[in-house]
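Asker: Here are the chains, one letter per residue:
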Amino acid sequence: MNPNKEQYTITVYTENQIGLLNRIAILFSRRKINVESLNTSPSEVEGIHRFTIVINETEEVVRKLCRQIEKQVDILKAYYNTNEEIIWQEMALYKVSTEEIAEKVKVERLLREYGARAVVIRKDYTVFETTGQREETDKLVEVLEPYGLIEFVRSARIAIIKDSHGFHEKLKEFELTEPSEEVVENEYLDKQDEVFSM
Amino acid sequence: MSNATTTPIPSQSKPKAGAKKPAHVARELTGSAAVLEAFLEEGVDTIFGYPGGAIMPIYDALYDYQEKLKHILVRHEQGGIHAAQGFARASGRTGVVFATSGPGATNLVTGLADAMIDSTPLVCITGQVFAHLLGTDAFQETDVINITTPITKWNYQVTDATEIPSVLAKAFYIAGSGRPGPVLIDITKNAQIQKFNYEGYTKCSHIRSYRPKPIVRKEYINKAAELINKAQRPFILFGQGVILGKAEKEFQTFVEKSGIPAAWTIMGLSALSTDHPLNVGMLGMHGNYGPNVLTNDCDVLIAIGMRFDDRVTGRLDKYAKQAQVVHLDIDPAEIDKNVKATVPVWGDCKETLPLLTELVEKKTYPEWLKRFSDYYKEEVDAVIREELNPSTEQMTMGEVMQVLNDLTGGDAIIVTDVGQHQMVACRYAKFNQSHSNITSGGLGTMGFGLPAAIGAKFGAPDRTVVAICGDGGFQMTLQELGTIMQSELDVKILVLNNRFLGMVRQWQQLFNDKRYSFVDIASPDFVMVAKGYGIAGQSIEKREDLVSAVKAMLDHKGSYLLEVFVGKENNVFPMVPQGCSVSEIRLK
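Residue numbers (the working numbering), protein chains in the order written: chain A, 1 to 198; chain B, 1 to 588.
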């Protein structure tokens, strides 16, 4: 793997349009970039959707990709951030045998240690849920495995950008016919010292 | 997931304050009629198309619009879309295409990809099965939206007639604004039939998620001017952006004031007259010697409306590394995509060029220009003289171009197919005005030439249109001779026949030890084929017939096919071999 590759989280604000998921996804697949995780959800602004996409790539590739994403007609804005610049979480569900938990005190202790919460308890199985970062949810899989983990599933990453002031103000700008210089592509120009060199 | 929820109507364009309201009183209209009303509102007068089951209601409505909308019945949907491309490129307007669902729609794919990569404004309307049949593998159902997503600037499926006016307004706005491109609108049959209360048409001028024009930032213009004014050996590269931006005049003024030599990509050809003293020629793999070599010697490279395609740059890590790069482009995604810009000037070059012209000093670079002319002389000695005045018995493509130049005076629209003849035509054709060179640049689509020439003639009916094709590419779409016949069109067809798929053969000769693998292509008697379509023509093999034959072709009233047999194994030179730097360009 290219040592300059890093985990980036791409946040895309879009119109709610059928087919947009495909339009975004093929920008990655065309370049043979593996999408580690993809989540779509409503955003802080009504009617605006928010995609959260995680990939491992170099900064240059991610920057170019974001420009290609933003170029799509129904997309308002694409941001990319390193893990340091965001707060992120994933949720995981674990199904284990109720008998095992009941009999082995250690399992119960483990679950408590990892902050797992029981979602469903039945005679034959129990479903636990944890929320956290990848290492945390992974670790619980590891420790539960010897006790017969029946099913495991993890959600896509969702992330909040530490520096972001949300999209309300931005959207107002987008709705203007003559927007100010602060919106859209010129944002890259403001980062000229990082991006361009004279 | 968002994509499973119901879709609202695409964000409506907000009418500008003071914009006049549609004059129409609300009336009942079918979706099909609403499509045609939208065309009239957008100033469309020509449609290239082919009917079929799922688009029948639109064709039925068209029956009543024949006086206002000219429909050209093509012989294949690929021919239809290439014709629309030729129309758009010759006229500077948006080309319009009709095709039915299923195979009709999939036959558009090559043209869409071509229009996407060459930024050609198109609105394609495809019929689709009834909405309730979507996803049931219905007869002639194909998922055209997903098939065409990567090769359209925008696409949308209409299932309800009430959406049609706003969706079409959006389609025309998106296709023609910013960096233009193809838009496909798929309309289900029920929406075409559905009657609704039509309240008139409002043109779209704003979509909140779409910024066709970046805001010009003066500080970058200043920086660019500063760089240019300090330069000792500045060099301009221009592409189709100048033509798409309708900025030919602004560009010429910039070139003349700055005194900087300018070279073109094949998509930019004809934006500046070919005999302009500062036009130093063609860039890229088969471009001129000087422009390629000196790319790696200039100190400031000014790229205008071009995207540094690999056929232009050759090996990227050895491309203009010594130069500071000023890149003018309307599409932010192009900046730094292939070549890192020292100063990016985002914006429409119609706006940015005058601002830059104002700040650059009036200068001349006689020594620097002399280096281009020295290289040109070297190229004349090694390649051009022999190409234009060959000592061989067999004719060359170059000498045919020379005769064509002499007889048209550089006033014709030249439409080329793809291959050796395309490179020769671009290298040697003379042009006095813009919108004159129509070629498949980015995609390299064989079969583009003939249908694009048909469209070009509709787009510029007063101009002479010459399609230059090879014997290979011509056979890919020669069914469009039927379109010429039925439309009684005047298109001159010049087939340069070397009895080979010449470009591939050239590569096999140079790089595969002459292992000629399946490039030996047989052709029918083209003149007889043309005759079958009622098109006059002749075939020549001897040099002494060339001038009179080209003259006969140009003088003939109506379409004419001239086949010229040229040397079988002639090569196009100079050449930047793949994987080599532009300064490693070979003269032989």
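Derived from the structure by calculation, the hints contain no laboratory data.
Here the structure is a predicted model, which means the values were calculated and not measured.
Check the hints yourself; a few may be wrong.
What the hints assert, rightly or not - Pulled a few chain B residues facing chain A out of the computed Cβ check, cut under 8 Å: (1) Pro150; (2) Arg208; (3) Tyr210.
To be verified - Far from chain B, by Cβ distances over 12 Å, these chain A residues were calculated: (4) Gln7; (5) Leu20; (6) Arg23; (7) Ser29; (8) Asn81; (9) Thr82; (10) Val107; (11) Glu113; (12) Val127; (13) Arg134; (14) Asp138; (15) Glu142; (16) Val143; (17) Phe152; (18) Leu171.
We put the CB at the ideal spot given by N, CA and C, even for glycine.
Asker: Each of the hints needs a verdict: does it hold here or not?
Answerer: A quick look at each hint next to the structure:
no.: 1; hint: Pro150; in the structure: holds (5 Å)
no.: 2; hint: Arg208; in the structure: holds (4 Å)
no.: 3; hint: Tyr210; in the structure: holds (5 Å)
no.: 4; hint: Gln7; in the structure: holds (22 Å)
no.: 5; hint: Leu20; in the structure: violated (7 Å)
no.: 6; hint: Arg23; in the structure: violated (5 Å)
no.: 7; hint: Ser29; in the structure: violated (9 Å)
no.: 8; hint: Asn81; in the structure: holds (19 Å)
no.: 9; hint: Thr82; in the structure: holds (20 Å)
no.: 10; hint: Val107; in the structure: holds (34 Å)
no.: 11; hint: Glu113; in the structure: holds (34 Å)
no.: 12; hint: Val127; in the structure: holds (22 Å)
no.: 13; hint: Arg134; in the structure: holds (22 Å)
no.: 14; hint: Asp138; in the structure: holds (25 Å)
no.: 15; hint: Glu142; in the structure: holds (30 Å)
no.: 16; hint: Val143; in the structure: holds (32 Å)
no.: 17; hint: Phe152; in the structure: holds (21 Å)
no.: 18; hint: Leu171; in the structure: violated (7 Å)
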